[in-house]
Amino acid sequence: MQPHELDLTAAADAIFRRELSPVELIDSALDHLDRVDPHLSAFVTVTAGAAREEAAIAESDIAAGRYRGPLHGIPIAIKDLFDTAGVLTTSSSAVRATHVPDRDATAVRKLQSAGAISLGKTHTHEFAFGTITPQSRNPWAVDRVPGGSSGGSAIAVSAGIVGIALGSDTGGSIRIPSALCGVVGLKPTFGLVSRAGVTPLSWSLDHVGPIAGTVRDAAVALDALVGYDDKDPASLRHNEGSYVPDSGRDLTNVRVGVPTNYYFDNVEPEVQARVLEAIDVLAGLGATLVEVEVPLTHLVHATQWGLMVPEATTYHQDSLNSHPELYSDDVRLLLEAGQHLLATDYLRAQRSRALIREAWANLFDDIDVLAAPTVTSVAARAGQETIDWPDGSSEGISDTYVRLSAPANLTGLPALSVPVRVSSDGLPIGMQLIGRPLSEATLLQVGASYELVRGQVRKPGWSWLPTGV
Amino acid sequence: MTTHSGHRNREHAAAVAATVMGIRGVLSALDGVEYAETPPAFSFVALTHPQNGTPDATA
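Taken in order, these protein sequences are the chains called A and B. Counting from 1, one number per residue, gives the positions in the first sequence under the numbering used here. Counting from 470, one number per residue, gives the positions in the second sequence under the numbering used here.
None of these hints come from the bench; they were simulated from the model. Beta carbons are placed, not taken as given, at the ideal position from N, Cα and C, and that holds for glycine. Check before you lean on any hint, since a few could be wrong.
Derived CB-CB ranges, DEER-like [unchecked claim]:
| id | chain 1 | residue 1 | chain 2 | residue 2 | range |
| --- | --- | --- | --- | --- | --- |
| 1 | B | ALA505 | A | PRO324 | 37 to 43 Å |
| 2 | A | GLU291 | B | ARG477 | 50 to 56 Å |
| 3 | B | SER474 | A | ASN239 | 24 to 30 Å |
| 4 | B | ALA505 | A | ALA50 | 52 to 58 Å |
| 5 | A | SER393 | B | ALA505 | 18 to 24 Å |
| 6 | A | ASP388 | B | SER474 | 36 to 42 Å |
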């Protein structure tokens, strides 16, 4: 086994015991990146020189007894929406082709303070305004998309290049690519992780969180990411110690809500079957399954669009007016359309959101966790624009991708995507666990318990690599 | 005489108009909703306030 093949926890243990040097780990990860990324296009910018320098410093610090914790010497990747001091930050857009920030986003700074080493910046759907990441490919099948908008970050973890990657999530942009690429994605409670220094898509819907190989690894990253930040007006003062789950599997005191509507409507049969199997596993661990009706689902799509489009348009208004030709067609169309919406459209969406939030709060009177598919389908083929459902309806790929993830953005509730068994075509499927505000510890414990029983999830094959790995 | 760029501009304007129509179609789900006295939840800070269903973790 090569060093880059270790998950974060295993690599951290080996570094702590001085059986593995950060230099060896970073070199291995960069070599692997060089082999696979030309076929995947996960990275916009690779900062190999800086990473090797930081690895050498980490190696000498650890040798001198200055070990910083489980992220020390661990390779990470950063979505190109996050500011990185002195490093090109394009948001995967020609609009920002030469943008070099002079300071790090808070989330980047926190991971680096914990000793993590960035290998570079990962592709996003342009300005995070889409769920495809069309320039990148899924490691499980390179003729398929990774999902998005944090597509490059999910690829980087799925392909075993890094242990942790940073993503942002406005309608599902951490959870969707995590599900489609077979990795773990956590969208924390609104305000738990600072968004300062991250290019906004929609101020009231944006969240920042980790993408990781395992639930435990996501928890390690969350430990480093939380904390009040006066640069983000939504930031919470909240500290409940470590989020790293214990090794127990008992879920006797956990009530798991199983939706009787919405989350299993127009979902691919294999996605439904694999997620229901996973929910049965939770019951086998002692969880009480409670059937629940999810409220006000007919308002979700309209409320999401009524908030996101005006907020995104407002943010981009100046550059859209001065350089419209620099935006890709799909993003430009949405932003220009946003200029024709009314203030009353936006405020009605905000009133609708208030109703949704109240109804969801009541939903959690009877359950601790809601379990459902993360995405309605497996990864689409590149260029596929719609998906046809048995009821005769046709749905746009972006609309179907966000349908099951958007409620957690509207409500600000924490949501975790965990890989379940793969489809018969060998494509990943994700189960989404949604909890009460600030119940990340519960979500991570349930996810970790499931993960222990499920066992090691399969890794993507490398049959598409000309020379293998 | 129609120029190439003029044609392209009209096509683009039509695409924007179609996108606006599409979004308006989606937003029509908000028509007729019983809002009663529901205030908007638009403050980015208030999203975490108890009256919006989330504990005030800043307290």
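Status of the hints after comparison with the structure:
1. One distance hint, 37 to 43 Å for the beta-carbon pair ALA505(B) and PRO324(A), holds here, with the actual separation near 41 Å.
2. With their beta carbons about 54 Å apart, GLU291(A) and ARG477(B) fall inside the hinted range of 50 to 56 Å.
3. SER474(B) and ASN239(A) have their C-beta atoms about 58 Å apart, which leaves the hinted 24 to 30 Å range violated.
4. For the pair ALA505(B) and ALA50(A), the beta carbons lie near 56 Å from each other, so the given range of 52 to 58 Å is met.
5. With their beta carbons about 32 Å apart, SER393(A) and ALA505(B) fall outside the hinted range of 18 to 24 Å.
6. Under the hint 36 to 42 Å, the C-beta atoms of ASP388(A) and SER474(B), about 37 Å apart, fit the expected range.
When held up to the earlier numbered hints, the structure conflicts with 3, 5 and fits the remainder.
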